[in-house]
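Starting from the known structure of chain G, arrange chains A and C on it as the hints suggest.
Protein chains in written order, with the numbering used here: chain G, 1 to 360; chain A, 1 to 359; chain C, 1 to 347.
Don't read these hints as lab results, they were simulated from the structure. Yeah, the Cβ is synthetic: ideal placement off N, Cα and C, and Gly gets one too. Misleading hints may appear alongside valid ones.
[Said to hold, decoys possible] Lysine to aspartate or glutamate pairs mimicking EDC-like chemistry, simulated, CA-CA at most 20 angstroms apart:
hint: 1; chain 1: G; residue 1: K48; chain 2: A; residue 2: E359
hint: 2; chain 1: A; residue 1: K258; chain 2: G; residue 2: E251
hint: 3; chain 1: C; residue 1: K245; chain 2: A; residue 2: E155
hint: 4; chain 1: C; residue 1: K150; chain 2: G; residue 2: E251
hint: 5; chain 1: G; residue 1: K91; chain 2: A; residue 2: E255
hint: 6; chain 1: C; residue 1: K150; chain 2: G; residue 2: E284
hint: 7; chain 1: A; residue 1: K244; chain 2: G; residue 2: E138
hint: 8; chain 1: C; residue 1: K346; chain 2: A; residue 2: D112
hint: 9; chain 1: G; residue 1: K123; chain 2: A; residue 2: E359
hint: 10; chain 1: C; residue 1: K150; chain 2: G; residue 2: D287
hint: 11; chain 1: C; residue 1: K278; chain 2: A; residue 2: D197
hint: 12; chain 1: C; residue 1: K131; chain 2: G; residue 2: E251
hint: 13; chain 1: A; residue 1: K274; chain 2: G; residue 2: D121
hint: 14; chain 1: C; residue 1: K278; chain 2: A; residue 2: E155
hint: 15; chain 1: C; residue 1: K245; chain 2: A; residue 2: D146
hint: 16; chain 1: A; residue 1: K244; chain 2: G; residue 2: E147
hint: 17; chain 1: A; residue 1: K113; chain 2: C; residue 2: E38
hint: 18; chain 1: A; residue 1: K31; chain 2: A; residue 2: D197
hint: 19; chain 1: C; residue 1: K245; chain 2: A; residue 2: D132
hint: 20; chain 1: C; residue 1: K252; chain 2: A; residue 2: E155
hint: 21; chain 1: C; residue 1: K245; chain 2: A; residue 2: E359
[Stated by the list, open to error] Quick look at which bits of chain A chain C covers, simulated, 3 or more residues with Cβ under 8 angstroms:
hint: 22; segment: 37-46
hint: 23; segment: 76-87
hint: 24; segment: 210-219
hint: 25; segment: 316-326
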Amino acid sequence: MATEKKSVKAINFNLGKQELDLLTRLCNGVAVSGDEQEVRQIVLEEVKGLADEVTTDALGNVLVTKRGTAPNRLRVMLSGHMDEVGVMVVKDSEDGTYEFRIVGGIDPRQLVGKPVQIGRDHKPGVIGAKAIHMTTPEERKVAIPVEQLRIDLGPGAKVAIGDRGTFATKLAVLGPSLRSKALDDRLGVFNLIQLLKHAPANVDLFLAFTVQEELGLRGAKVAAFSFDPQIGIALDSTPANDLPAFDADEENARYNTHLGAGPAIYLMDGATIGDRRLVNWLSESADAAGIPWQYRQPGTGGTDAGAIHKTRAGVPSVSISVPQRYLHSAAGIVRKQDLINTFKLIHTALSRLDPSILNS
Amino acid sequence: MSVELVPHIKELLAAAGLSGNEAPVREILEKTWKPISDELITTNGGSFIAVQHGTGETPRPKVLIAAHMDAIGLMVTTIEEGFLHFTQVGGVDPRILPGQMVNVHGTAQGSDKAQDIPAMVVMPPVHLLPADAPTGVLGLNHLLIDTGLLPKEVEKLVRVGDFVNFAQEPMELAGETICGHTLDNRSSVAALTVCLDILSRRKHLWDVYGDATSQEEVFGPGSITDPVLVRPDLAIVIDVTFSKGPGGNGYRTCEIGKGITITAGPQDHPYLVKKLSKLAEALDIPCSIEAAPAPGGTDAYSIQTAESGIPTVEIGLPLRYMHTPVELVSIKDIRRAGRLMAEFIDSLPADFMNEVIWE
Amino acid sequence: MKTEKTQKNDDLMSLIQTLVETPGPSGQEHRIRETIKEMVTGLADEIRTDALGNLLCRMGSKQANGKRIMVSAHIDEIGLMVIHVDDNGFARFIPVGGINPLTCLGGRVIFMNGARGVIGAERLEPNTMPKLENLFIDTGATSAADCPVKIGDVCGFDRPMLDLGKRISAKSMDDRIAAVIAIMAMRELAALPAAKRGPNEVWFVFSTQEEVGIRGATTAAYGVDPELGFAIDVTLTGDTPRAYKRPMALGKGACIKVRDSSFIADTRVVDWMINEAKSLGIPYQMEVLDAGGTDGRAIQMTRAGVPAGCISLACRYVHSPSEMVDKDDLNACIKLTAGLVSKEVKL
Chain G
1 MATEKKSVKA INFNLGKQEL DLLTRLCNGV AVSGDEQEVR QIVLEEVKGL ADEVTTDALG
61 NVLVTKRGTA PNRLRVMLSG HMDEVGVMVV KDSEDGTYEF RIVGGIDPRQ LVGKPVQIGR
121 DHKPGVIGAK AIHMTTPEER KVAIPVEQLR IDLGPGAKVA IGDRGTFATK LAVLGPSLRS
181 KALDDRLGVF NLIQLLKHAP ANVDLFLAFT VQEELGLRGA KVAAFSFDPQ IGIALDSTPA
241 NDLPAFDADE ENARYNTHLG AGPAIYLMDG ATIGDRRLVN WLSESADAAG IPWQYRQPGT
301 GGTDAGAIHK TRAGVPSVSI SVPQRYLHSA AGIVRKQDLI NTFKLIHTAL SRLDPSILNS
Chain A
1 MSVELVPHIK ELLAAAGLSG NEAPVREILE KTWKPISDEL ITTNGGSFIA VQHGTGETPR
61 PKVLIAAHMD AIGLMVTTIE EGFLHFTQVG GVDPRILPGQ MVNVHGTAQG SDKAQDIPAM
121 VVMPPVHLLP ADAPTGVLGL NHLLIDTGLL PKEVEKLVRV GDFVNFAQEP MELAGETICG
181 HTLDNRSSVA ALTVCLDILS RRKHLWDVYG DATSQEEVFG PGSITDPVLV RPDLAIVIDV
241 TFSKGPGGNG YRTCEIGKGI TITAGPQDHP YLVKKLSKLA EALDIPCSIE AAPAPGGTDA
301 YSIQTAESGI PTVEIGLPLR YMHTPVELVS IKDIRRAGRL MAEFIDSLPA DFMNEVIWE
Chain C
1 MKTEKTQKND DLMSLIQTLV ETPGPSGQEH RIRETIKEMV TGLADEIRTD ALGNLLCRMG
61 SKQANGKRIM VSAHIDEIGL MVIHVDDNGF ARFIPVGGIN PLTCLGGRVI FMNGARGVIG
121 AERLEPNTMP KLENLFIDTG ATSAADCPVK IGDVCGFDRP MLDLGKRISA KSMDDRIAAV
181 IAIMAMRELA ALPAAKRGPN EVWFVFSTQE EVGIRGATTA AYGVDPELGF AIDVTLTGDT
241 PRAYKRPMAL GKGACIKVRD SSFIADTRVV DWMINEAKSL GIPYQMEVLD AGGTDGRAIQ
301 MTRAGVPAGC ISLACRYVHS PSEMVDKDDL NACIKLTAGL VSKEVKL
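Just chain G, same shape as in the assembly:
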């Protein structure tokens, strides 16, 4: 039996100058979990005049409502988290160097020898390491624990205890790719803003620009309670471990996602079992519009959907991610086309979303 497939035309969307400018501002902003002010400001500016309601809640989430115009609209919450992983200054050594701790998850091996930026005014600093001349071969085999590292801002420099910072990487366009420190999850934030600019008329959009995702989905929890949606969708970024296996004859069975293969739809991660109705709706939408897509391999980790689906009496939820290499390091790499296709998929799927999906 052949299944009838209606062909749908996806929105015409590309990364023009305006879009790249916005991405650059979003990605170069510093918004470590717990202090997302810089990105919040950009978001508030961008959504101004486009939404029915905009509020900032008790945790600092930006909650944006945009109602559709067609009858029988579903209440759909989409979340993209504003926060990123980084560091927090915890102790002043009184000589321009500071003890610090990691906020969220960063492999301590990624820290050494990197430039950083600290505080709201992006004070430049570095994380140094002892000269190789003064180390023993044994020492060089062991990762330096974060407790022994210091951020050096130069003699006399002052920041406040509790100030946060990130790697000082600027967004770069590398041929078909983008490279930045904060693609996780400014790409989600970017897509939410684009969605507001190209809002489908058949749904009520509840856009949550969330905080503290990297600290345990804390922003999304309260945002979902406030919105009380019928469907939840988290827009995030997920690792692409699609590098070749060291032993070339071994098949890489744990790639998570592949760069360039399109948006990654979640079946299950450590925090959520994706609602199969929504998983199928997304993949069918992509197929109908000829948008490439992939499953994100079921595994651990979590997105805002983990908090959203357990809200109140329950919210059917799913996640979509842009595949990214080298998350939570000085810079990750994504394919521009994956980002474009992720937006096209969300837009296409929402445009053909029908309330009957919840009755199946």
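This is chains A and C only, laid out in the frame that chain G set:
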């Protein structure tokens, strides 16, 4: 002040009140708080709340002050030849247990006829332990509790699931300090009493909910469910924090008796941190900022994310030797914390929430 | 001719067999939910399915002296999800819920689409413990192309129930045996004359996604908004050779939970259960569980807080494909559950 602080602290420390069985603490608080509150609530989660009505126009904004009242301790898991096997309630370092005096809250005759049985934690001789038992520190699973009673007496009095609390008497030490078990977090409960006591003589505009929360040391139903019951506009959480002392000098520690802390981390609304710090300075209350990179550690974890979210701020009382039966706190710091909270609440204008913004 | 007692035993065994042998790992509870829904239609006054797939069944309406009581038994089971099918048709997987690699070796699985397979392992050095990532499912396929399963497909363990006389062994006793207890208690309640069913509004919840973190009961409890509640689940025992020290044992009656590693039962609820067991002459034992959580947590933590507890059935070899329970314990749990909800409750 109408409540005498030191006897109040000592009375709180003498009560058992392990996580999940806080009734003995509720009884003390009912007696102490009744004269200084308008209403008292025992919640379904086991917390105990004193309500003080404000003088502002209704509907009045509400502030929740949370100080957990539960204690860590032990619980009977198996009874064998009159000896009790046990597990922990909250985080107990097994190294402090051998030779520790405890009370077993025996309920085999029914909870209404419970009996406190003095007992001690003992270390069985090595040849009686299984071959795979560690040779150094014994874990909880290899230690036993001996009541000194005959096995059939024990069977009559004790049942599986009975709570066991530390029996160490509180002591006053030099430098206006107090020492004993469960200063985490009864010292904060005492600070809450100080705060309620001061506020009972003030004409504050806001409604005040002083909440001695349940089970912070374990699963936290108090901090998860109380904010849903109270629906406060903002919340202050007071708990103990680490003090410098033997074996503890990291960035998270501060000096005992040299003032309280205000936490700056993801659980703390930056505006409230700023406001409270400025007030402490104006009142000459010594106070330092404690940096918190990650959430967790106090009731603020759940209170901040209850329902649509609540602006929350955390105050810390420096304490030495946390989770041992000889915790040590400065009495001065308890008074300082109580006073700072009271002055803060008394200073709140009716429309204060308009000020609480992200900047 | 069968005696009434044998007939009753046969009916119970067939109910258990149906429930334990219907596949339904976390997130894939549709089939087991429909099976149970059919069984309880006619017993409940109202039945609904919520956003996370929980089956909510109401019996009775709340009277002036009554309470709204939630009784939760989870219907999901542990299972496996395919993450990759390699070129030769072997399916790699991740666990759905807590899976011990040791109990996987040589195991058989059944997929929701009916496909079957066996679990194999990569080469193992002697005396090493396999990890789940060293295991794979062999469906008999010869290549990825002819493999009957693909990424995202879910399977449960495949093993028939074994009636051992006084005891029964099966996979997924955790927690289908609790669904049996709930269904039997519903039947007992329905068999009572209306005047004897008590003043309570009782919500029997067949919850989902417990094995992945008590998710279904969390939203079910919010939806039911109970004033009192308890979970029914299995608990570990200490009655096998060189076991961990645990007081729970097969054949010693219904377990009344004091705590597990997800919550501490409300002491008033514990007393309520003990008193009811005593007054009905039901054998019971006290339970302190050092590992594992239950739906009781979700009930306790919902909204402004709910007094909550848990009745457990002692079960050996939990999370293996051969879990074992005792029939007398089972009956004690059924009687206790029915007794508790059919009377006025004063905590």
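Mind checking the alpha carbons of K150 of chain C and E284 of chain G for me, to see if they're no more than 20 angstroms apart? holds (17 angstroms)
Does E255 of chain A lie within 20 angstroms of K91 of chain G when you go C-alpha to C-alpha? holds (15 angstroms)
Hint check: K113 of chain A vs E38 of chain C, CA-CA at most 20 angstroms. Holds or violated? Violated, at about 47 angstroms.
Under the criterion that the straight-line Cα-Cα distance not exceed 20 angstroms, is the pair K48 of chain G, E359 of chain A satisfied? holds (17 angstroms)
Between K245 of chain C and E359 of chain A, is the straight-line Cα distance small enough, at 20 angstroms or below? With Cα atoms ~56 angstroms apart, K245 of chain C and E359 of chain A exceed 20 angstroms; violated.
Can you confirm whether the C-alpha distance between K278 of chain C and D197 of chain A stays at or below 20 angstroms? violated (46 angstroms)
Can you tell me if the segment 316-326 of chain A counts as covered by chain C, using C-beta to C-beta distances under 8 angstroms and a minimum of three residues? It is violated, with 0 qualifying residues against the three required.
Given the hint that K252 of chain C pairs with E155 of chain A, test it: the Cα-Cα distance must not exceed 20 angstroms. holds (16 angstroms)
20 angstroms limit on alpha-carbon distance, applied to hinted pair K123 of chain G and E359 of chain A: holds (19 angstroms)
If you draw a straight line from the CA of K245 of chain C to the CA of E155 of chain A, is it 20 angstroms or shorter? holds (17 angstroms)
Could you grab the alpha-carbon distance between K150 of chain C and D287 of chain G and see if it respects the 20 angstroms cut-off? holds (18 angstroms)
Is the straight-line distance between the alpha-carbon of K346 of chain C and that of D112 of chain A 20 angstroms or less? holds (15 angstroms)
Of the numbered hints listed earlier, those contradicted by the structure are 2, 7, 11, 17, 21 and 25.
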